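Make a model of the complete structure from these sequences and hints.
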Amino acid sequence: AIGTCWTSPDGAWITFLAHDDEGLQQIFTISPLGGDPVQLTAIPGGVADSPRWSPDGKGLVSVAKDGRLFCLESPGGDDPGGIREPVWLTKEKDTTTTKVVWSTQGDRIAFNRQVTNENGTAMQIFVVGAPRDF
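Numbering-wise (the working numbering), the sequence shown opens with residue -11 and increments by one.
Read the hints as simulated data drawn from the structure, not as lab findings.
Check the hints yourself; a few may be wrong.
Cross-link-like lysine-lysine pairs, in silico, DSSO-like; alpha carbons within 27 Å at most [claimed, not checked]:
#1 K79 to K53
#2 K46 to K87
#3 K81 to K46
#4 K53 to K87
#5 K46 to K79
#6 K53 to K81
For each label pair, taking beta carbons as the anchor points, the in silico distance ranges come out as [stated by the list, open to error]:
#7 D82 to G(-1): 28 to 38 Å
#8 G33 to G70: 39 to 49 Å
#9 G23 to G108: 16 to 26 Å
From a predicted model like this one, the values you see are computed outputs, not experimental measurements.
All residues carry an ideal CB built from backbone N, CA and C; glycine is no exception.
Okay, here's the thing in structure tokens:
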């Protein structure tokens, strides 16, 4: 695993970053009871940040290496499934995107991004709506 491992709210799955067959960092999951890891993403260029679980456990959010924020459906039941299509939450490719978190209600996602203006450069908090498809 690369970085932090995160457990689903119900404790059924652990997600983490690892390298895929092409050497790109992607999101994987595994049961805490053992078994083989299952790759959940195939993001071009890879994933930059450890995934965070939604409060209800139905979604994951993370940041692609190019800085775009995305969500995906989380593993469910006894079968983790396989690679999922991401739902892109931001279109801007900004590699300063970090510190992604869900709101406690699960309807919003906040993240930091570096902003430069006439006063200099600083990290700013941005908030986007979370997908309701999960």
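Next on the checklist: Checking one constraint from the list: CA of K79 to CA of K53, max 27 Å. Satisfied?
Outcome noted: 13 Å, holds
Checklist entry - Honestly, do G33 and G70 meet the 39 to 49 Å range at C-beta? => result This hint is violated: roughly 20 Å between Cβ atoms.
Checklist entry - Between G23 and G108, does the C-beta distance stay in 16 to 26 Å? => result At roughly 49 Å between Cβ atoms, G108 and G23 fall outside 16 to 26 Å, so the hint is violated.
Checklist entry - Is it true that the CA of K46 sits at most 27 Å from the CA of K79? => result 23 Å, holds
Checklist entry - Is the straight-line distance between the alpha-carbon of K53 and that of K81 27 Å or less? => result 9 Å, holds
Checklist entry - Given the hinted pair K46 and K87, is their alpha-carbon gap at most 27 Å? => result It holds: about 20 Å lies between the C-alpha atoms, which stays within 27 Å.
Checklist entry - Between K53 and K87, is the straight-line Cα distance small enough, at 27 Å or below? => result 14 Å, holds
Item to check | Assessment of proposed distance window 28 to 38 Å (beta carbons of D82, G(-1)) | outcome: The hint (28 to 38 Å, Cβ to Cβ) holds, given that D82 and G(-1) are roughly 34 Å apart.
Next on the checklist: Need the status of pair K81, K46: alpha-carbon distance at most 27 Å?
Outcome noted: Judged against 27 Å, a Cα distance of about 26 Å means the pair holds.
Of the numbered hints listed earlier, those contradicted by the structure are 8, 9.
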